[in-house]
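Colleague: One-letter residues, chain by chain:
Number of protein chains: 2
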Amino acid sequence: MARKIALVGIGKIARDQHVPALAASADWELAATVSRSGSVDGIDAYTDFAEMLAARPDIDTVSLCMPPVPRYAYAEAALQAGRHVMLEKPPGATLAEVHTLQAMAAGKGLTLFATWHSRMAHAVAPAKAWLADKTVTRAHITWREDVRKWHPGQDWVFEPGGMGVFDPGINALSILTEILPAPVHLTSATLTFPANRQTPIAADLAFSGGVTAEFDWRQTGPQTWNIEVDTNAGPLALRMGGNRLELGGVEVAGENSIMGEYPALYARMAQLVADGTSDVDLSPMVHVADALTLGRRLFTDPFDF
Amino acid sequence: MARKIALVGIGKIARDQHVPALAASADWELAATVSRSGSVDGIDAYTDFAEMLAARPDIDTVSLCMPPVPRYAYAEAALQAGRHVMLEKPPGATLAEVHTLQAMAAGKGLTLFATWHSRMAHAVAPAKAWLADKTVTRAHITWREDVRKWHPGQDWVFEPGGMGVFDPGINALSILTEILPAPVHLTSATLTFPANRQTPIAADLAFSGGVTAEFDWRQTGPQTWNIEVDTNAGPLALRMGGNRLELGGVEVAGENSIMGEYPALYARMAQLVADGTSDVDLSPMVHVADALTLGRRLFTDPFDF
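Line by line, the protein sequences give chains Y and L. First residue of the first sequence: 1295, per my numbering; consecutive thereafter. First residue of the second sequence: 1295, per my numbering; consecutive thereafter.
If we strip away everything but chain Y, and leave its shape as in the complex, we get (with noise of 0.2 Å):
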């Protein structure tokens, strides 16, 4: 029988991505939503949290699609109501309050997943497989996409929390730290803000092991979101944002499309859910900090939407 769920802020990524995979999934029925702009059709809405989780007992898991900043305030609420709660990336504005999060659902016994979507892409367990007995001589990231396409008129982006160019940089980051054999760790980087702006709309990594990244906001025409890496035993490439997988420089698999991505994200959690367990792995996070914290920094041009 589906266990019975509430998505928490009905935005574009929950419109996009939550609620299809939600009513495509056997595991979770859609039982609620709250939000103060957004609704589903034909499901029980609330703008109220408090609310919801005092009048819905039978809902016992929440997925909080909002922004970061004001994310911690309902986890902490969900956990404190005993529901085991779903986190979209990144998990939280800060790392202490996600380590607080972790004790704090440890502590109660509840489930708390902070996802990472890109980790679920087609091609990034094989990938993973495949580089789990090599040696990694270089790799490079490459992502680079239009921020007026994918978050149009989302000022939240680039005030203080919304992490700018590592909102979609930290995707690679969180295949990055999934598909290397050995961690890595950040050497250097330069970051690239808008002079009207708060968070960076570029940025260059270099990392230990040979390992660099580039990451850019203002692509427009073709979208690119590549990872290529150099092994003892030939290349390795992940196009598509982990979508499709190259060996040698041959296709060996893929799809275009990353529909799957949040189907399978729901599935791990009603498995988490099932075995009273939690996935939280900061490292993706980890390594944003330490470019914010490490970074040089460059100004540009002035962005608006």
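In case anyone wonders, no lab produced these hints; they're calculated from the structure. Warning: the hint list may mix true and false statements.
A pair counts as met if it fits within one copy or between any two copies, since identical chains are not told apart.
The calculated DSS-like cross-link candidates involving lysine-lysine, where the alpha carbons are at most 30 Å apart (straight line), are [claimed, not checked]:
no.	residue 1	residue 2
1	Lys1402	Lys1428
2	Lys1422	Lys1402
3	Lys1443	Lys1402
Fit chain L to the supplied structure of chain Y, relying on the hints for placement.
Modeller: Relative to chain Y, chain L alone:
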């Protein structure tokens, strides 16, 4: 019998604190120094770290005092060469690199000690003991000092990774995270950068639970290192960087000197090596990374030494 130790990075903090602490210690014998620019009278002096590691197998412990950005390479080389490692604060330029060192030390059965000297201040342990069963209703850190006095000409503090005012501020955060009975997380911050510098010269932080902090590196005249805590049992104040304690406005413990901090660190290191354990608490550094991730950036007058 005293255990032999090498001191690496003979700059201001080594001369001011590490060398006197080791000279007074019954646990340790300063057996070598490694530095391109400094040495200690009467002590075997090397300019190359690999050469010292190869030449002095009798030295099983190294204490690393150079700035955080170059420190990782030394720590990694020391652990690879089977030496125990003591790290000045902050323990690294990135969180990820310290995670890597932790895993490396654990894998080799070596001691890694990420020191926080301010936690060894005279009044920190009694403050922690008093707060353990109290409810904290509010706390405020005031950490105002003169960078020209404490870091004369040290431009690295304003370079990427130098941490700026968080270099002293992390001392306050190391005390805060030690004494509070429950963890807090950053909720907002403002960071003030000199127009010509890469790291902030002042910062205002707000945490959960009514905890706030103001750090400023432009304080001439009297210097201020206070932590004031309101509780359900009245106020507690730590002054002089954790060296003096007031309860209910009455001083109950303390000295004005910080000269006890480094001897206590080296005594703790001796105990950790004897016990075969490590001590790496990254929570002060997590709060700094969170502030640099979530903080709003302001710009002020250029700063020059």
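Colleague: Return the numbers of the hints above that this structure violates; sort them in rising order.
Modeller: As far as the earlier hints go, only 3 is violated by this structure.
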